[in-house]
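Q: For the protein sequence lines, the chains are B and S, in the order given. Under this note's numbering, the first sequence has 144 at position 144, and the numbering climbs by one with no breaks. Every number in this note's numbering is 1000 more than the matching position in the second sequence, counting from 1.
Please keep in mind that the hints were generated in silico from the structure rather than gathered at the bench. Source: prediction; values computed, not measured. Mixed in with the good hints, there may be bad ones.
Unchecked claim - Each computed DSSO-like pair below joins lysine-lysine, with the alpha-carbon atoms no more than 30 angstroms apart:
{"#": "1", "chain 1": "S", "residue 1": "1452", "chain 2": "B", "residue 2": "219"}
{"#": "2", "chain 1": "B", "residue 1": "219", "chain 2": "B", "residue 2": "191"}
{"#": "3", "chain 1": "B", "residue 1": "227", "chain 2": "B", "residue 2": "143"}
{"#": "4", "chain 1": "B", "residue 1": "191", "chain 2": "S", "residue 2": "1452"}
{"#": "5", "chain 1": "B", "residue 1": "219", "chain 2": "S", "residue 2": "1352"}
{"#": "6", "chain 1": "B", "residue 1": "129", "chain 2": "B", "residue 2": "191"}
{"#": "7", "chain 1": "B", "residue 1": "219", "chain 2": "S", "residue 2": "1109"}
{"#": "8", "chain 1": "B", "residue 1": "191", "chain 2": "B", "residue 2": "63"}
{"#": "9", "chain 1": "B", "residue 1": "219", "chain 2": "S", "residue 2": "1493"}
{"#": "10", "chain 1": "B", "residue 1": "227", "chain 2": "S", "residue 2": "1352"}
{"#": "11", "chain 1": "S", "residue 1": "1493", "chain 2": "B", "residue 2": "227"}
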Amino acid sequence: MKAHASLIAVLAFFVVPAYAQSPFDALTAADLVDGERLFRLHCARCHGIDGAGGEGSNLVRAKLKYAPDDDALVGILSDGIPGTGMPSFWTLNEEQAVRVAAYVRSLGRLEQEEMPGDPVRGAVIYRDKGGCPACHIVAGIGKGIGPELTFVGDQRGLEYLERSLTNPADSQSQTMGYQDFLTVRVSSADKTVEGMRINEDAFSIQVRDVNGTVHSFRKDQLVSFEKIFAHSLMPEYGAVFADQDMADLLSYLMSLRSEE
Amino acid sequence: MKKLTLILLALLIESANAQVGFDRLVGAAGDGDNWLTYSGTYRSERFSPLEQINTTNVRNLKVIWAYQMQPSTQAGSGLVETTPIVVDGIMYLTEPPSTVTALDARTGKTIWTWSPDLTDDVLNIGFPRVNRGVAVLDDAVYVGTLDAHLVSLDAATGAVRWDIEVAKNETGFALTLAPLAIDGKIIVGVSGAEAGVRGFVDAYDSATGERLWRFHTIPAPGDPGSETWRGEAWQTGGGSTWLTGSYDPDLKLLYWTVGNPSPDWNGDVRPGDNLYSCSLIALNPDTGELQWHFQFTPHDTHDWDANQIPILLDAEFNEKERKIVALANRNAFFYLLDRETGEFLHGNEYSKQTWASGLDERGRPIVLPGTEPTYEGNLIWPSLQGATNWFSPSYNPLTQQFFVATRLMGSVYYKADVEYEEGQPFLGGGEQALSGDDAAGAIRALDVLTGKQQWEFMLHSPPWAGVMATAGGLVFGGSNEGNVFALDASTGKALWNFQTGGAVRTNPMGFAVDGNQRIVSTGGRTLFVFGLE
């Protein structure tokens, strides 16, 4: 069943479905450059000069919470998002809004690179030899301890994926500047837990251990609290796989895309 | 019969006008049951003299009632930054973008609500669609609106008394601040420097809405200060006045803060000191004439608005009794000025900064070379949002402590080419802030006369919420992570906290009803009122 689900994800890469037209279809490279210019003018104050977030959300990601499709993304620029700090930009005309939206979409959509191996074989390595579903979910299958990988190919390129397998500590992603899956070691009077920071404020911290169990601590009851940056709880897989296995596994991960 | 009618009419007029007279506003510091101005008093101490809730019992604080603001139909109006006002059991607050609501301060039940007729294309360039509160005077409530109107509402019903346009929203002007009510006048400032407006402070007749004076914060050619501008740059020079000022009724001086020059990050197009941007100005409340000014950040290129709350205090400084104004600036320096003359008395760094080696003997920053924004990006502390921002500091006059919510954050500042176009962003660059694990926040206590830090309470992220000290020995504050908390004012130790479930972006305030002290904060779009019982 697991293999079946993974293969579906692989097949999705090879089959090109008939998608509805996107407002970005007619855009040229020059339009995207103009979109970047407009982004810096109108959006960078909150979303950062490169879109990686600031007071506003990080836009360098494949899936945007409020914009499931390209039309919705353009709509957000003209209408804003009620109940948030995202205003409407009526100062942008329709063409400009489309260019900005296309630029924003491009931030989270890497071009498909050439695969170094066989993604179908890689799916099997992912499941069996790698044992990756013990910590990662693809298309609903697996355990959610590390990041979900269902659309990892949208956001991560070959170089990044290889680094995350051989040296996971060197490929820590961030959300709003906070290291995702930051390793913390927390001790109270009753227990010591090493795991990933899920949430933190001035008074409490929530940690998920490698079994997926969530532990909640009040900071005023801690005996010790250590944040371990530049470290990952994911094992290093460089020595685990032969070169071909690694190439096939990377190809499988690259194939995990939302649409092609 | 006629006589009786006249007596009844006289009584009605008296009761209607007696609600919050100017004398009552002047005496607000002695009236802890009410919260009569944005910052509590004309001195803007944001200090509650109530001590029923104190260091020994604050751990028992609980929610008495909560009020959920309704989602606005207006996009981008999700952020709540209001400080409520409480008068004799009635709370007046604003909801984003520009709605005014009156609540029963005992129960939280709505008495009336009023919203302006804003269209969705209202401009807010460089800031969110927020409102920070109302002013009350006599029997009216005054609110500034996002489309740059000033409106007088009947305090009992919310009916509009008058509605005037302060400035054209189409060019980028907006009102987000709580107005300041003084003797027969309503004082307001404007937002809009990110659209290249020319800022000003206005006074309006509280009864009629007639404009009494206007002081332009960017001088025209020939006016004093115009020598700090070149060419036509003054016409789009910024200097917005988007935060409520303070008032000294004895000296008869208004203290108002002025924001950044425009465009924000490209100073090449506006050489000079760019007065009165990034300054504190003292104005004659009758004429609007400038009495003195002090510029914190000459020729600012980092958007370090001086729009922070100026706190007025009297103290012995260098063996001389002084009337002082204290201000913790967005540029990371803390200042004491003589508020009669504007003389610089003291300044020190209160939060990390990398742009100046210090202040000279007149308080002018000694700017380090290579600290301006560049096309490639230049990492400087503090960030664009500053070491602090609009959210209020607090001053405890009993202990001479100054409390400030501090943002420990740097930014990579970028410069870009820019041309002015009416009603469009006029920025000349941008920033990429060091956020998340590379940033933090802190509530810091300073000795007000030396600026020396007494303690700090660390926050997970740079805050957007102010603080309020109380005579109960407490400092209340809030965090982005949703915590409302009380610190021991003498040590900084947290004595109580409550998770609201939404980011806290407001200043705490306090009042009493039925003899019970109340503390007010928000989390997300919900207003919480805390008490012991």
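Q: Now, for every hint given, state plainly whether the structure supports it.
A: Hint-by-hint comparison with the structure:
{"no.": "1", "hint": "S/1452 to B/219", "in the structure": "holds (27 angstroms)"}
{"no.": "2", "hint": "B/219 to B/191", "in the structure": "holds (14 angstroms)"}
{"no.": "3", "hint": "B/227 to B/143", "in the structure": "holds (24 angstroms)"}
{"no.": "4", "hint": "B/191 to S/1452", "in the structure": "violated (39 angstroms)"}
{"no.": "5", "hint": "B/219 to S/1352", "in the structure": "holds (25 angstroms)"}
{"no.": "6", "hint": "B/129 to B/191", "in the structure": "violated (34 angstroms)"}
{"no.": "7", "hint": "B/219 to S/1109", "in the structure": "violated (36 angstroms)"}
{"no.": "8", "hint": "B/191 to B/63", "in the structure": "violated (38 angstroms)"}
{"no.": "9", "hint": "B/219 to S/1493", "in the structure": "holds (13 angstroms)"}
{"no.": "10", "hint": "B/227 to S/1352", "in the structure": "holds (22 angstroms)"}
{"no.": "11", "hint": "S/1493 to B/227", "in the structure": "holds (22 angstroms)"}
Violated hints for the displayed structure, listed by number in ascending order: 4, 6, 7, 8.
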